[in-house]
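Peer 1: The chain contents come next:
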Amino acid sequence: MNEVIEGIIQAVQLIVSLDEEVLEITARSLLISLSATLIGSAIAIPIGGFIHFKEFGGKRGLVTIIQALYALPTVLAGLLVFLLLSRSGPFGFLRLMFTPTGMIIGQIVLIIPLMIGMTLIALSGVSRTKQDTVISLGASETQTVITIVKEARFAILGGVILGFGRAISEVGAAMMIGGNIRGYTRVLTTAIALETSMGNLSLSIALGLILLAIATVVTGILFLVQER
Amino acid sequence: MIEFEHVVMNFGEKEVLKDNSFTIQKGEIFTFIGPSGSGKTTILRLIDMLERPTSGTIAIEGTNVSSLKDRDRIPLRRKMSMVFQKPSPLRGTVFDNVAIGLLFRGTSHDEIKARVPEALELVGLKGYEDRKAGTLSGGEMQRVAIARAISTKPDILLLDEPTANLDPVSTEKIENLIFSLKERFGITVVLSTHDMVQGQRLADRIAVIIDGRIGQIGTSKEIFYHPMNRAVANMVGVENIFEGVIAKNEGGLASIDVDGTSIIATTAFPPGTPVVLYMRPEDITFHVRDGVKSSARNEFTGTITKVLPMGPNARLKVDAGITLTAVITQRSFEELDLGLGKETQLAFKASAIHVVER
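Chains as they are written, first to last, in our numbering: chain Z, 1 to 228; chain V, 1 to 358.
No lab work stands behind these hints, which were simulated from the structure alone. Be careful, since some hints might not be right.
[Stated by the list, open to error] Distance windows between CB atoms, simulated:
id, chain 1, residue 1, chain 2, residue 2, range
1, Z, Gly-61, V, Gly-311, 17 to 27 Å
2, Z, Lys-150, V, Phe-11, 53 to 63 Å
3, Z, Val-63, V, Asn-176, 40 to 50 Å
[What the hints assert, rightly or not] Below, a list of computed lysine-lysine pairs in the DSSO-like style, where the Cα atoms sit at most 30 Å apart:
id, chain 1, residue 1, chain 2, residue 2
4, V, Lys-69, V, Lys-113
5, V, Lys-182, Z, Lys-150
6, Z, Lys-54, V, Lys-113
7, V, Lys-113, Z, Lys-130
8, Z, Lys-150, V, Lys-132
9, Z, Lys-130, V, Lys-182
10, V, Lys-79, Z, Lys-150
[Said to hold, decoys possible] Coverage of chain V stretches by chain Z, computed from C-beta distances (three or more under 8 Å per stretch; other residues unrestricted):
id, region
11, 101-107
12, 239-253
None of these values were measured; they are calculated from a predicted model. In this text, a Cβ means the ideal position worked out from N, Cα and C, and glycines have one as well.
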């Protein structure tokens, strides 16, 4: 028990003293997950918009698959991207294994279904009457899509924030693709896993507290956004 | 000009519109009156090209729109505006809401800045530009929706139950606005309502639609006093409907036998013709039994069997051999000392009865 209390005290010291390693890992985590979220949104929101506004065969099936993939295990996303990026894989020539870029790709794969799904929910939350109103006011097809997406923007943003939350908290893909290389691909979650297994509890707890703080802030923002 | 020819509209199994043909002239106020679910909204949506008819053709300003591709509908739709029964405020300010149709049309910012306040002033919401649309009351939002629709200066304005959610004061404002839009700008206004009186106040012509079929098209006078059939008569509040046979006809003044009661009406039908008689409850007058003959051809004595107060009026059922429905002001009701079970004398003119061959 003492060990844990000591660990917590040391952890607070590490955070308060702005320990270099702690800051560096935190910064990298944020950078990788924010990049994955931004790029993922740029892909997921248009795809969500396309699925919502276009009628095509197999639409329901596609939506069901997307919903099933909300719960895509992180290690499976990791495995998929590993197979694609490894030396012998189709994109092996890009040499992205064990790089932050590779990790970003892994996280994008992981969160895209969730963000597409959230975009779909957000767009279907805009009433049919509102869409008809926009069309009747003379909107072209593109103007209609843009206006409806704007109407749903806070709900869509909620999906984006959820995606970020999933990206920054996942450990499977980060470990398998990034490899937890110190000073290069080590992020909060992989660092906590490693330091804990090495018995370095104070650093683990410090990083854990930071991760928790980020998660809290993210949830707080999500709450505020949905209050709008 | 808007022309419907044999337009049928099905939603799945349900036949919402059944073979309707009509023409709406440029610059007229044309009103669809009918109960909820009768297909009024669907007609407006068809005109705005939000739906495609299952069969039949719709032409707007001479263009057959039934076969037009979505993309090609937009320029035509931009000459119209539709106000839905439920106003949908878009995010942002009242200004943003009113400006959006102009933005879609690529109107210059200077012109938008001039037109938005102009449209708001027309609906009586001057100075509302910076308010958040989401914070407005239902009536205010409905007026913003109308401002949004007229800011683009449409040739055709479609209004779906524009005053269904408004208080009487707002309703009057909107009705005056609809009038002035027609008078000042020559806009064609097509509106739907279930409010008979509103139809009468506003419309140049009225179409009564029942169960997906237009029963009659005409001026309010034609519709209200000369309904073509029982369904239309019921719809427009003609509550006295009797079947009878012409007993004799002397120079257009006929005596009609209705279940043994003789009613005098003006009609040219010869004796022996089976007919239906229609009479509005407002056309029956009551008077005290003073022996003075009234100028009305039909005079009856009857017993009041039902009294239904309706604001300043009362609706009465009177058994006078045939059961008559009449409306009387509460004041007259009291002055004539009428009441349930009491005997009264009533009269109606021969010209108040609309006679149609069965």
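Peer 1: Each hint should be assessed against the structure and marked as holding or not.
Peer 2: Verification of the supplied hints:
Range check, Gly-61/Z to Gly-311/V: Cβ separation about 58 Å, and the 17 to 27 Å hint is violated. A beta carbon spacing of about 30 Å between Lys-150/Z and Phe-11/V contradicts the range 53 to 63 Å that was offered as a hint. At roughly 49 Å, the beta-carbon separation of Val-63/Z and Asn-176/V lies within the given 40 to 50 Å, and the hint holds. At most 30 Å may separate the alpha-carbon atoms for a hinted pair to count; Lys-69/V and Lys-113/V exceed this at roughly 33 Å.
This hinted pair does not check out: Lys-182/V and Lys-150/Z have alpha carbons roughly 35 Å apart, beyond 30 Å. Using a Cα cut-off of 30 Å, the hinted pair Lys-54/Z and Lys-113/V is violated, with the two alpha carbons roughly 35 Å apart. This hinted pair checks out: Lys-113/V and Lys-130/Z have alpha carbons roughly 24 Å apart, not beyond 30 Å. Only pairs whose Cα atoms come within 30 Å are accepted, and Lys-150/Z paired with Lys-132/V is accepted, the gap being roughly 16 Å.
Distance restraint check for Lys-130/Z and Lys-182/V: the Cα-Cα separation of roughly 27 Å lies within the 30 Å cut-off, and the hinted pair is therefore satisfied. Annotation: proposed proximity of Lys-79/V to Lys-150/Z holds, straight-line Cα distance about 25 Å (limit 30 Å). Counting residues of the region 101-107 of chain V whose beta carbon lies closer than 8 Å to any beta carbon of chain Z gives 3, which reaches the threshold of three, so the coverage claim holds. Look at the region 239-253 of chain V against chain Z: 0 of its residues bring a Cβ nearer than 8 Å to a Cβ of that chain, fewer than three, so the hint is violated.
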